[in-house]
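Let's have the full structure, built from the sequences with the hints guiding it.
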Amino acid sequence: MTSLIGLATLLLHVALMLALAPLLVGFIRTIKARVLGRVGPPVVQPWRDLLRLARKQPVVAENASWLFHAAPAAGFAATLAAAALVPGFALGMTTAPLADLLVIAGLLALARCLLALAGLDIGTAFGGIGASREMTFAAFAEPAMMLVIFTLGLLMGTTNLDAIALVLREVTVGLRVSLGLALVAIVAVAIAENSRLPVDNPASHLELTMVHEAMVLEYSGRHLALIEATAALKLLLWMTLIATIFAPFGTATPESGPLVWLFALPLWAVKVGALAVVLALFESAIAKMRVFRVPEFLGIAVLLGLLAAVFLFVSQGIA
Amino acid sequence: MMGGLQPGFGAIGYDLAHLLGGAVLVLSFALLYQRRLTAVINIYAMQSWVLAAAAAWQGWVQSSAELYVAALIALGVKGLAIPLALHRIVRRLHIHRAVETALGIFPSMAVGVALVALAIMVVLPTTMQTQVLTREDLSLALSVVLLGHLMMITRRTALTQVIGFMSIENGLILGAVGVQGMPLVVELSVAVLVMVGAVVFGVFFFRIRENFQSLDDSHLDQVGGAHR
Amino acid sequence: MPRAGRFRQRRADCISWWCETVPALCAVPGAIALSPVILTGFALVVAALLGLGAASAVVHHHIPAGATRRRAAAAAALASRRIAALGSLGVCGLGFLLVLTYLLAGAGTATITLPLGLPGLGVPGLGVAGGNLLDGTRYDGGITLALDGLSGFFLLLLMAAGAAASAAALDGPGDTDATAPFLPVFLAAMALTLLAGDAFALVLGFELMSLASFALILTHHDDATVRAAALLYIGMAALGAACLIPALALLADGAGWDLRFAAIRALPPEGWRATLVFVLALVGAGSKAGLAPLHVWLPPAHAAAPAHVSALMSGAMTKVALYLLVRVLFDLCGPAQPVWWGVPLLVLGAGGAVLGGLRANLENDIKALLACSTVENIGLIVIGLGVALAARGADLSTLAALALGGALLHALAHGLFKSLLFIAAGAVQHGAGTRLLVRLGGLIHRMPVTTVCVLVGAASLAGLPPSAGFAGEWTLFQAVLGGPRIGNLGLQILICVVAALMALAAALAAAAAVRLVGVAFLGRPRSPRAAAADEAGPRTRDALTGLAVALAVVGLFPGAVLSLAEPVLRRLVSAGLDDRAGLLEVAAQAGMPGYSAAGIALLGALAAGLVLWLVRTLTTPGHRDAPAWDGGFGAPPPWLPFGDPLTQYGGASFAQPLRRALGGALLQADEIVDMPAPGETRPARITVELSDPAAWWLFRPVAELRARLSAFADAIQFLTIRRTLSLMFTVLVLFLAVVALMEQL
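Chains as they are written, first to last, in our numbering: chain A, 1 to 319; chain B, 1 to 228; chain C, 1 to 745.
Because the hints were derived from the structure by calculation, they are not lab data. Errors might be hidden in some of the hints.
Result set (SDA-like, lysine to any residue): computed pairs, CA atoms no more than 20 Å apart in a straight line [as the list claims (entries may be wrong)]: (1) Lys56(A) with Trp613(C); (2) Lys288(A) with Leu103(B); (3) Lys56(A) with Asp625(C); (4) Lys56(A) with Arg616(C); (5) Lys288(A) with Gln161(B); (6) Lys56(A) with Leu614(C); (7) Lys56(A) with Trp696(C); (8) Lys288(A) with Arg29(A); (9) Lys56(A) with Ala575(C); (10) Lys56(A) with Thr619(C).
As the structure is a computational prediction, the values presented were derived from the model and not from experiment.
Structure (structure tokens):
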């Protein structure tokens, strides 16, 4: 019975992640527009854009290799696999035993490397500059992420996300300095990974301010639709990840049965929505930083992650 | 591993104190990270507010009126009066420009983390007998003090040095309010404040003389005129 | 019963027979003991490889009469290369099956003594003993060969890499003929090192390995940079020997000058002697393994050697050095060693990992890039060894088993993928005429098979799931995560920093892998030669495909590989992983969920299927070809068929952000901009100078010392007779004084 519920949870989770990701992007855009005093597009606009792009036949550069054709779908698949590992409204999905945080980070890295390779495939200056910067930022984001995982692993004794979420949900770990520092670090990593302000400007089409957009400049049609869907899915994934770790209350478990979903589903939406509002306000208030300030910004995240782990030794005295 | 969780965590009185102390430390790092003078002043003000909240919370937990007074002093003087005064000085002297660093931002942050590790390694063995809260608060306070020192060393402008000095003072108060039954908290914060005031003026006049070769503030007008 | 079902039944029978019989061969007393048989087989493998070397050398110099001398010489050289490569391929393939059988059968220990060895130590007799040598027999000076799980595990890697390298050597360009006889000798020396059961055999094998690889590096000796690289290499090898031999002598001294490992194991060193052995072994083995700061020889030497030799050096020889480190530190020094032994390994490993990862992003030569990445991976493995040593010192044997298992797994994975990438680099050099990133590009269109294999290898290099590299790094990271349990606040903080540096190194390696594949294999060709590159030869393709398949197997079933290492772990750290490493899953703690590569692969496949289905149903099929849009940039003129070369990102530009962010601090990267004055017609130039920290912290002072010493020696060569005599007289008196002093003691 639990396994059936686990499977049902997984299917619903994946379907919701796929359906809601573009809506999340639309929601953030609307909030940003409102903050700036504009009306803004409707929330479903990203979905419309995706479908419109999907119907268009892609125009591909003549010297593209098979990798260029395969990368958007493969990157989307890797991100989707990672999304299937991050519990949203309910724990104990069928994929729970696989949901190692290092594996999730690895799958996201796989998607990133595929897109960077595709960016280099045509041999244009924009593709190269985007791929180069994306990999550089990743090099600094990865240690910070690793230290956050390290902190969580030390605190919970495992790096399995589902197990961590379960412990955090049921045992009062308390408001810890370590977790607070880890939260700051993971937010910085999430900003860099999702190409948001101040690291990258998701709405920019200026060469000096582009990172992610520059990398995928040669894509069009259904390829571009896949890439935009990947970006949206990744944003939802990160927000769900942060909510699962740092706001673990109210998630359903396999034992609690599907009725609790009625309560857990809206709560998940509220948590992600709140994060989206915060992100939109933050992005409206801040300017993009220079490219060479980004390693410093992420370096600070690394140091905060380090402090998070170090403070764990103080309070916990792991022996 | 779950057995490793110490009693104390989960109790709200403990947790909030702990978290506020951590926030003071993070703001110390934010002071080091900032490149603009106005932002530095704002963050100092924020640190003082968090300190006031920490003192007030301790007052609630320990039900001691003295700590409320200390919180009020922190909020009123360090959280409002001094930052406003500093903002005025910045406006008058037209020194909105970036903070001049003697050591780069990232290296100074890295040194800062090493200092925090050092503080923990010093505090932890000597306080093995005391309860967890005190240990952790002491290590946080010592870290804030060391970071303030670091800021005074690695920043060139007079104003940032003064703010570094005042964040040292914040660290001292943080340590004082965290310890149960610490006497003379109010007296301590007033006395330290007076000293801070003296140092602020001292440093200012000396640094101004250094920068402009005179204490005569007509020179300041000239500078202002040049900028206008 | 239907046919297919019967076949399945028979296959199952065969498998169950295999599983039951083979361990039984070892386990049942009185039955044929498998381990001594296999050890004898390996003694024959070493002999066969040495024989192949000799035969190849003879053929090389035996020029038949008749035909014109020049053509005959060429034919003889070709025949000599064929003999060496084909023979090595066969012997290594056989050895691979042999060692796989041995490991599957449970890896019992065995020892044999050969009637050769140190002269003057008695007449040895050939004897096969199935176990402990401490049976009261007198040491008779013969060479002892021994086989246990540790040597077996590394032999598995050596044989796989050896077979692949030999296959690649078959296709190799004709200019590698001259040193072809050294290839089997190199393989034999490495096998001998792994099989050594006493200190003498170990030194013999290790030094033969250094010399054979030195000869192989010198293949293109008419190039001055090759000669310089070989000189640096042999210098470092001499340093290694100068540390290794005293270390082994100290060990043997403690065991009453019995050189056999069994005797040393019985009387492990203690106190200052153990510390000295530790330091000497770390320098001796570390200089060969490429452990920072003794890694400087790797990039030039690997770039200088022919590709299949670099593949062996990086894939197998550095692992042999690691084997030596494990053998001495974990086995011969005994279990009762202090926790702090792990600290130098952690520090050096983390430093090397970051330095190697960064340098791999800055090199222009593919092979130097791969060599730097070797430095990085060796660093990661050494971190695992450090955690294992510290955990064993603190009696946390389950953690030590995880750390050592992770190190072994990553060593195997790295050996395989680095061999693959070096062989591919050779194919690129052969097919496109250059190894420099600035002249490559677009090889995916001309070398499709090579590119696919390189993608498999690069996924491991970048540590992406579900590759073999990710499995190794996952296990290592889990071990580091358990590290704080060892205790001591300082060590805990160090381990946190090490974890961050490991992640930085892994991410730098990912950037380096993207740069390698993206610049060399994707994009537009950067030179006409690259545009007309040839696919690798058939044997090279086979070698690449074989290694890629092996990597996929290791990546999907890391638990199975760890179970091969089970006997080693039980012996060296007295705990295994069998409760944590199953066929499908590897877990950090028993009973907890871990990493299941096969599960992740299945999940990825399902996700890919879903995505493909969505694409099929929702989108318009097909695509339209057009010139690259390139942000609206104008089309290149017709005389530039591959576009304007200057608008394409290359190796240097790809690495520029990393160089600016980290290179200044770590590598003293300096940008020198040469800007012409207005009106001048010469172009502006930007040059970047890098220098490895090891060069200015370690090697420059040593070089200065040497210069001072040689100046001194120079000075005392031109002395008056009286001074020369007085010098000799002083030496004589000093010598007598020392003798007198020794007699007093």
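Structure-based check of all given hints:
1. Among the hinted pairs, Lys56(A) with Trp613(C) is consistent with the structure: their alpha-carbon atoms are about 17 Å apart, no more than 20 Å.
2. Proposed proximity of Lys288(A) and Leu103(B) is contradicted: the alpha carbons are some 24 Å apart, above 20 Å.
3. Restraint check: the Cα-Cα separation between Lys56(A) and Asp625(C) comes to about 14 Å, which is no more than 20 Å; the hinted pair holds.
4. Of the supplied pair hints, the one linking Lys56(A) and Arg616(C) holds, its CA atoms being roughly 13 Å apart against a limit of 20 Å.
5. Note on Lys288(A) and Gln161(B): the hinted pairing is violated, with a Cα-Cα distance of about 29 Å set against a maximum of 20 Å.
6. Using a Cα cut-off of 20 Å, the hinted pair Lys56(A) and Leu614(C) holds, with the two alpha carbons roughly 15 Å apart.
7. Proposed proximity of Lys56(A) and Trp696(C) is contradicted: the alpha carbons are some 58 Å apart, above 20 Å.
8. With a CA separation close to 17 Å, the supplied pair Lys288(A) and Arg29(A) stays within the 20 Å bound.
9. Simply put, Lys56(A) and Ala575(C) have alpha-carbon atoms about 60 Å apart, too far for the 20 Å limit, and the pair is violated.
10. As the CA atoms of Lys56(A) and Thr619(C) are separated by approximately 8 Å, the hinted pair is consistent with the 20 Å bound.
The structure fails hints 2, 5, 7, 9 (numbered hints given earlier, in ascending order).
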